[in-house]
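There are 2 protein chains.
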Amino acid sequence: MGDCCETEQGVYVDSLLNLEWLRKSLVREEDSIIFSLIERSKYPINSRLYDESAAASLLHLFIKESEAVQAKTGRYTSPEENAFFPASLPPPQHKLVETFGTYQGDDDRNYAATAASDLACLQALSRRIHYGKFVAEVKFRDSPQDYTPAILAKDREGLMKLLTFESVEEAIKKRVEKKAMVFGQEVELQENGNYYKVKPELVSQLYGEWVIPLTKFVQVEYLLRRLD
Amino acid sequence: MGDCCETEQGVYVDSLLNLEWLRKSLVREEDSIIFSLIERSKYPINSRLYDESAAASLLHLFIKESEAVQAKTGRYTSPEENAFFPASLPPPQHKLVETFGTYQGDDDRNYAATAASDLACLQALSRRIHYGKFVAEVKFRDSPQDYTPAILAKDREGLMKLLTFESVEEAIKKRVEKKAMVFGQEVELQENGNYYKVKPELVSQLYGEWVIPLTKFVQVEYLLRRLD
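Protein chains in written order, with the UniProt record's numbering: chain B, 1 to 228; chain R, 1 to 228.
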């Protein structure tokens, strides 16, 4: 066959040539495209990013260097992937990527795309959790008389109590569960069943067990240093 | 104030200390977290990515190198951003990032986050468009008798006609518009108005004017080389 699949053999490439599987993939890519557009809409134009008065725009450099990192992780050995700047990309460098064994059940070898996806998750979680510092600062400024004694006494438990509003936490957990149902549903022109791409109750649990406690941990640590 | 905002002054940092703005940002981050979880769920576990039998896991290396690229683009000069591997990150390198002028209306200086977001859009679009090659290959294998004469005659128009199904294209455009409405809505525990983060009709237009024509362009180019 043509140049689309020469680099790879086996089960995965076979699945790429199954029309039903391709249809599903194309429909799934719609979600990725729309999520990425929505995420881009979080930021203003930031037109300096595209300024080509220098030799190359900042975006150009960013994409080129990001693609190099992803190439080292083997992104462009996947038959579905095509780099924007394919010239002089580095080869896959890690011994895990270089080992071409058989595919496992848990393994489609999209390591770089998976890692990029993990990084996006981790950065979103980190950003959300570290916002706690700004919230803590505002709360401190609003009522220093409440926080100052606990800070001076290094009273972590007291600070934690001041920062805890159970009804707010419950509302957040309910809202993220609802969001996971809305954003994770299969959208078809005809109505269909309730299948969610990510379990909504797991997202609520992630918030209850990790995001909210870690945010409060960051807040307490921030406040403990506030009067230094 | 504390260490959360020492590096920056001005309008932007002031807005970080406005409770209503912070609340909105935290709610918006929920969407980013959930989108990123849904995107991660596209891939299997890919457990080799996390294998720490080498000095560092592939994910570790990927994040470290990606953060270096983002640092060069100034990501960690934003007060909301915190690197996972902050030791020995390179400084912002591009003259655009290094120039600290006043903020413009279109500019919040989140250049690296914006560029990462652009890259995610572009990669999703590219992946979707290049899937066309696999679709073209399947179609060719299913009915070589239809495609072979047009390929041999280098008849682009004829190939384009064979690949065009207007009712399918209309259904795709309608579906992506519906998806943009579902995924882009503001989700609150109480119902609220119809505000969409990205204009649904623009997504439909993006598909109609760019994604579908470019996919067919890729398919025609693929098929023209199919018998070489």
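No wet-lab data here; the hints were simulated from the structure.
Ideal Cβ placement from N, Cα and C applies to all residues, glycine included.
Among the hints, erroneous ones may be present.
[Unchecked claim] Once the Cα atoms are required to be at most 25 Å apart in a straight line, the calculated DMTMM-like pairs of lysine to aspartate or glutamate come out as:
1) R/K64 / B/D118
2) B/K72 / R/D118
3) R/K24 / B/E201
4) R/K64 / B/D108
5) R/K139 / B/E221
6) R/K216 / R/D228
7) B/K199 / B/E221
8) R/K199 / B/E188
9) B/K174 / B/E201
10) B/K24 / R/D142
11) R/K174 / B/E186
12) R/K197 / B/E221
13) B/K64 / B/E29
14) B/K197 / R/E191
15) B/K139 / B/E166
16) B/K174 / B/D155
17) R/K173 / B/E221
18) B/K178 / R/E186
19) R/K178 / B/D228
20) R/K173 / B/E80
21) B/K154 / B/D108
22) B/K197 / B/E177
23) B/K178 / B/E209
24) R/K173 / R/D118
25) R/K178 / B/E166
26) R/K72 / R/D51
27) B/K216 / R/E20
[Said to hold, decoys possible] To give a feel for the contact side, a few chain B residues facing chain R, derived at Cβ under 8 Å:
28) S32
29) I33
30) N46
31) A115
32) D118
33) I151
34) K154
35) V182
36) V203
Index of numbered hints that the structure contradicts, given in increasing order: Hint check: 5, 7, 12, 16, 17, 19, 21, 25, 26, 33, 34 fail, others pass.
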